[in-house]
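Residue numbers (our numbering), protein chains in the order written: chain A, 1 to 504; chain B, 1 to 460.
If you are wondering where the hints come from, they were derived from the structure by calculation, not from laboratory data.
Each hint should be verified, as a subset may be incorrect.
Sample of chain B residues lacking proximity to chain A, with all beta carbon distances greater than 10 Å (derived) [to be verified]:
(1) T14
(2) R92
(3) R94
(4) I128
(5) N139
(6) L151
(7) I167
(8) S176
(9) A186
(10) W191
(11) L370
(12) L413
Per label pair, the in silico range of CB-to-CB distance [to be verified]:
(13) A/K315 to B/L159: 53 to 61 Å
(14) A/S268 to B/I443: 32 to 40 Å
(15) A/I106 to B/P13: 45 to 53 Å
(16) B/T399 to A/I106: 48 to 56 Å
(17) B/F152 to A/K315: 46 to 54 Å
Glycine included, each C-beta is placed from N, C-alpha and C at the ideal position.
Chain by chain, the residues run as shown.
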Amino acid sequence: MWRGVCRPLNTLSDSLISGARGARYARCRTAPIRGFSAGKGDDFFKDVESELKKFRAKAAAALPGSDWTPLAVNPALPPERADVVIVGGGVVGWSVAYWLKKKERIRDGVRVVVVERDPTYSQASTVLSVGGIRQQFSMPENIHMSMFSSDFMRNINEHLDVMNEDPVDLQFNHAGYLFLASENGAEIMEHNYNIQRGEGAKVSLLSPTQLKNKFPWINTEGVVLASYGMENEGWFDPWALLNAFRKKAISMGVYQCFGEVTGLQCSSREMMTAGGEPVEFKRIHHVIVRMPNSLEFQPVECGLVVNAAGAWSRKVAEMAGIGTGCKDTMAGIPLPVEPRKRYVYVFHCPNGPGLEMPLLIDPSGAYARREGLGGNFLGGLSPSEEEEPDASDLEVDHDFFQEKVWPKLAHRVPDFQNIKVKSAWAGYYDYNTFDQNGILGIHPLVNNMYLATGFSGHGLQQSPATGRALAELILDGGFQTLDLAALGLGRLFSGVRALERNIV
Amino acid sequence: MLKILIPTLMLFPTTWLATPKWLWTTTTAQALIIATASLTLLNWSSETGWTSTNPYLGTDPLSTPLLVLTCWLLPLMILASQNHISPEPVSRQRTYITLLVSLQLFLIMAFGATEIILFYIMFETTLIPTLIIITRWGNQTERLNAGTYFLFYTLAGSLPLLVALLILQKEMGSLSMLIIQYMQPAPLCTWADKIWWAACLIAFLVKMPLYGVHLWLPKAHVEAPVAGSMVLAAVLLKLGGYGMMRMIIMLEPASKNLAYPFIILALWGIIMTGSICLRQTDLKSLIAYSSVSHMGLVVAGILIQTPWGFTGAIILMIAHGLASSALFCLANTNYERLHSRTLLLARGMQAILPLMAAWWFIANLANLALPPLPNLMGELIIITSMFNWSSWTIILTGTGTLITASYSLYMYLMTQRGPVTTLITAIEPSHTREHLLMALHLIPIIMLTLKPELMWGWCF
Chain A
1 MWRGVCRPLN TLSDSLISGA RGARYARCRT APIRGFSAGK GDDFFKDVES
51 ELKKFRAKAA AALPGSDWTP LAVNPALPPE RADVVIVGGG VVGWSVAYWL
101 KKKERIRDGV RVVVVERDPT YSQASTVLSV GGIRQQFSMP ENIHMSMFSS
151 DFMRNINEHL DVMNEDPVDL QFNHAGYLFL ASENGAEIME HNYNIQRGEG
201 AKVSLLSPTQ LKNKFPWINT EGVVLASYGM ENEGWFDPWA LLNAFRKKAI
251 SMGVYQCFGE VTGLQCSSRE MMTAGGEPVE FKRIHHVIVR MPNSLEFQPV
301 ECGLVVNAAG AWSRKVAEMA GIGTGCKDTM AGIPLPVEPR KRYVYVFHCP
351 NGPGLEMPLL IDPSGAYARR EGLGGNFLGG LSPSEEEEPD ASDLEVDHDF
401 FQEKVWPKLA HRVPDFQNIK VKSAWAGYYD YNTFDQNGIL GIHPLVNNMY
451 LATGFSGHGL QQSPATGRAL AELILDGGFQ TLDLAALGLG RLFSGVRALE
501 RNIV
Chain B
1 MLKILIPTLM LFPTTWLATP KWLWTTTTAQ ALIIATASLT LLNWSSETGW
51 TSTNPYLGTD PLSTPLLVLT CWLLPLMILA SQNHISPEPV SRQRTYITLL
101 VSLQLFLIMA FGATEIILFY IMFETTLIPT LIIITRWGNQ TERLNAGTYF
151 LFYTLAGSLP LLVALLILQK EMGSLSMLII QYMQPAPLCT WADKIWWAAC
201 LIAFLVKMPL YGVHLWLPKA HVEAPVAGSM VLAAVLLKLG GYGMMRMIIM
251 LEPASKNLAY PFIILALWGI IMTGSICLRQ TDLKSLIAYS SVSHMGLVVA
301 GILIQTPWGF TGAIILMIAH GLASSALFCL ANTNYERLHS RTLLLARGMQ
351 AILPLMAAWW FIANLANLAL PPLPNLMGEL IIITSMFNWS SWTIILTGTG
401 TLITASYSLY MYLMTQRGPV TTLITAIEPS HTREHLLMAL HLIPIIMLTL
451 KPELMWGWCF
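Kindly produce the complete structure, drawing on both the sequences and the hints.
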């Protein structure tokens with residue numbers, strides 16, 4: 001009797017099965033039994049099979065052993081409470097997360113959540129970077145940061161190795177950087193060289209003849225001095241470093257959340273300066289994280305927030321009120337970080353320089369490096385202030401290469417006159433418009449916002465040192481290994497620039 | 001008793017009819033008046049017996065210190081909650097205070113009960129406001145889990161107690177403590193009698209908590225708001241101890257043998273939970289586990305059933321109640337400023353808030369049983385009587401004392417000493433209310449050093 005009821009139901013469901021399968025399994029009675037009547041008489045039997053199936057599925061889910069719960073929570077939401085919320089899942093953010101976990105001396109000592117807006121990292125500066133690392137800076141702090149980072153990356157498996165996973169391979173090419181200086185840059189280069197040497201970087205100065213001897217493919221016309229990094233310089237794979245940090249941090253207990261920070265709920269306190277002016281101090285107590293493609297959001301109660309949002313740091317800082325006050329107060333000074341678009345072009349040169357080619361930087365600012373072993377090269381140029389491209393999207397301007405980059409590269413390396421452009425991409429510098437150096441420290445007006453941003457093109461290479469410095473600031477109460485007070489936020493308010501003269 | 005009960009009942013209209021501007025002031029003031037009135041209970045009319053004007057509610061030297069502690073704690077709870085409840089709408093604030101007051105009422109009736117069944121009913125009733133406070137006003141999602149653990153552990157333990165009490169009523173004909181103390185304890189020989197013995201005690205062992213059934217406590221303490229943590233640590237745990245002390249009189253002589261596993265569990269629990277304290281990253285969790293550790297000593301003291309054991313248990317219960325509640329208030333002052341309870345993030349507070357550091361110091365010294373505070377009195381009396389019961393326990397209790405000292409010092413050094421973390425350099429200064437709260441916690445401990453006869457119970 002039951003089967004007699006089932007058969008018409010089966011044919012009904014078969015006729016609903018799409019296309020070929022339905023035709024294959026259709027029985028002789030292909031037309032549905034039900035007529036056009038809206039009567040309720042048959043509904044019970046038609047629905048009961050599916051209802052029973054649903055009931056069985058629900059019962060199986062509710063029995064012990066399944067993870068069904070009446071208070072169904074979206075598992076993608078971040079936890080309701082965290083000690084440290086890191087806004088931005090680039091290499092700086094994950095480096096901070098890793099070092100925080102490394103320095104907690106007890107398991108689960110600090111609860112860290114990294115919030116990243118874009119799981120594909122389509123616009124992140126980290127992965128669109130050329131990936132170079134150099135010690136040839138003019139500020140001792142920058143030199144030391146890069147030296148430590150290079151040391152970190154050379155021994156990366158001592159630091160970021162995860163059990164049962166493959167060892168990390170950064171593909172660190174130790175080819176060095178070669179800066180070329182013309183007449184008016186030679187003195188600065190020599191001055192920088194002395195600073196670098198003094199801090200322990202292994203750099204050498206080359207005269208044009210020495211340069212020609214060492215790298216015969218260079219056209220030394222107009223070159224007065226060259227600075228060549230002999231050790232700890234080169235380029236590596238930024239994706240590998242990011243993923244290494246990420247995997248290790250997650251294995252140490254950092255929560256990863258994909259979502260966008262849309263607001264920072266703060267409490268504020270008014271105090272008086274000695275001169276009688278009111279100052280408002282803020283303290284972030286909740287970070288509002290919105291889920292991607294959804295209106296669902298979660299306020300994460302936090303102890304402190306690390307702003308590692310890169311090119312978008314200013315927007316995150318504005319959520320805490322930085323830059324939104326009156327123009328001539330401290331609260332009115334915004335975070336001077338803005339996205340600047342930079343192009344990278346990949347071209348193939350059949351008889352270009354060989355494996356010994358360092359990352360060459362022309363006095364005009366054009367740079368090129370070898371990419372891989374197939375005769376491909378990466379090249380680019382930082383445009384001058386007037387020619388800054390529009391940073392609203394990452395569209396590549398190919399004319400820029402034709403008109404600006406190629407002539408300079410071809411002049412410097414004659415072999416590059418004969419090239420074919422393979423592809424190009426654009427990425428953002430988190431450009432610090434104040435002095436093009438990283439901003440590292442705690443904001444004076446927002447008592448629990450730490451910043452690690454504004455590195456203007458050398459953030460990736462300094463990320464291990466940045467992470468360690470920020471972790472020391474948070475957990476040890478001050479810098480322990482490298483004193484990066486020169487990169488603190490005080491200079492933004494005092495107006496004293498920490499200028500880095502060697503910006504590529 | 002009525003002079004305590006009626007004003008407590010009248011706190012309900014006070015809460016609901018006071019103007020919002022004066023709500024907290026009036027309730028605190030009335031609660032303080034009740035607390036002062038409860039001090040008159042300490043004037044025992046007879047040295048060893050009950051003081052009661054009616055057959056239902058009475059006090060004796062065992063219940064009086066706990067009653068006074070309960071009444072004393074209500075104004076402190078209201079003081080502590082003032083800041084974190086103030087952003088909420090006024091009716092919700094009134095509800096919160098009503099819950100605290102109702103908890104107070106049930107606790108007074110529990111400690112003042114002369115009938116064991118009234119005690120049992122009040123014992124269960126206190127679960128309800130506590131559950132509401134934990135699950136509604138707690139801070140994280142885990143509070144639902146914490147509430148479930150809290151409720152069901154205690155309920156599962158106390159259902160056998162109900163059955164045991166009904167059996168006792170049938171056997172003895174009365175469940176009044178005034179009468180039962182004079183009855184012959186029944187010889188417990190059959191297997192069912194042994195189960196009855198266990199049923200009498202399990203509810204209180206879960207409430208104390210004993211080490212094996214202590215899992216609800218860290219959850220409940222950590223997830224509860226400050227007033228919930230205070231009342232849990234200070235009074236609700238002592239309900240278990242008080243109940244055990246009342247029941248165990250009639251459970252002789254079987255207890256001599258049957259109590260062995262529980263004594264051992266309690267002693268082992270002191271060491272285990274003390275060691276767990278050393279590995280905690282969450283401040284409130286550390287204080288919660290230290291409560292389990294201290295209560296383990298109390299359980300051991302009660303179960304050996306000697307006069308000194310009982311005396312030490314009562315003294316330690318009172319002293320621990322005040323000290324633990326003080327520590328939870330201190331942890332809350334940290335939490336309100338930083339929204340984080342992690343030990344690693346808030347260090348070197350002594351440089352920022354030196355006066356609060358003084359309170360931290362005294363509270364931690366009280367926790368580690370520094371002489372001459374009553375914490376040491378209680379611990380020492382229990383350890384001595386346990387040594388008399390069996391010499392080997394000195395190993396466990398001695399190690400426990402050592403571990404207690406180390407985690408209390410660890411807590412103090414982590415929060416107050418060390419490098420000043422950048423997170424706390426710009427926090428709000430301490431409020432006078434917080435200083436008052438701490439003073440009202442710690443001054444009674446210091447004063448009790450001078451007159452411990454108030455706490456000794458009726459065995460001395």
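Do the hints match the structure? See the list:
With a least beta-carbon separation of about 31 Å from chain A, B/T14 lies farther than 10 Å from that chain, consistent with its non-interface assignment. Consistency note on B/R92: stated as away from chain A, and its beta-carbon is indeed over 10 Å from all of that chain's, at 19 Å minimum. At roughly 24 Å from the closest C-beta of chain A, the C-beta of B/R94 stays outside 10 Å, upholding its exclusion from the interface. With a minimum CB-CB distance of about 21 Å to chain A, B/I128 clears the 10 Å threshold, and the non-interface call stands.
Annotated as non-interface, B/N139 brings its C-beta within 10 Å of a C-beta of chain A; the closest such distance is 7 Å. B/L151, annotated as away from the interface, keeps every beta carbon of chain A farther than 10 Å; the closest lies near 16 Å. No beta-carbon of chain A comes within 10 Å of the beta-carbon of B/I167; the shortest separation is about 34 Å. Distance check on B/S176: its Cβ is at least 45 Å (rounded) from any Cβ of chain A, clearing the 10 Å threshold; non-interface status holds.
With a closest Cβ-Cβ approach of about 42 Å to chain A, B/A186 is found to remain outside the 10 Å limit, as its non-interface label requires. The beta carbon of B/W191 sits about 32 Å from the closest Cβ of chain A, which is more than 10 Å, so the claim that it is off the interface holds. For B/L370, the requirement that its beta carbon stay farther than 10 Å from each beta carbon of chain A is met, with the minimum near 26 Å. The beta carbon of B/L413 is kept farther than 10 Å from every beta carbon of chain A, the shortest such distance being approximately 13 Å.
With their beta carbons about 58 Å apart, A/K315 and B/L159 fall inside the hinted range of 53 to 61 Å. With their beta carbons about 35 Å apart, A/S268 and B/I443 fall inside the hinted range of 32 to 40 Å. Checked against the hint of 45 to 53 Å, the C-beta distance between A/I106 and B/P13 comes to roughly 50 Å, which is consistent with it. Distance hint check for B/T399 and A/I106: the Cβ-Cβ separation is about 22 Å, which falls outside the suggested range of 48 to 56 Å.
Between B/F152 and A/K315 the C-beta distance comes to about 47 Å, which sits within the given range of 46 to 54 Å.
In this structure, the earlier hints numbered 5, 16 are contradicted, and the remaining ones agree with it.
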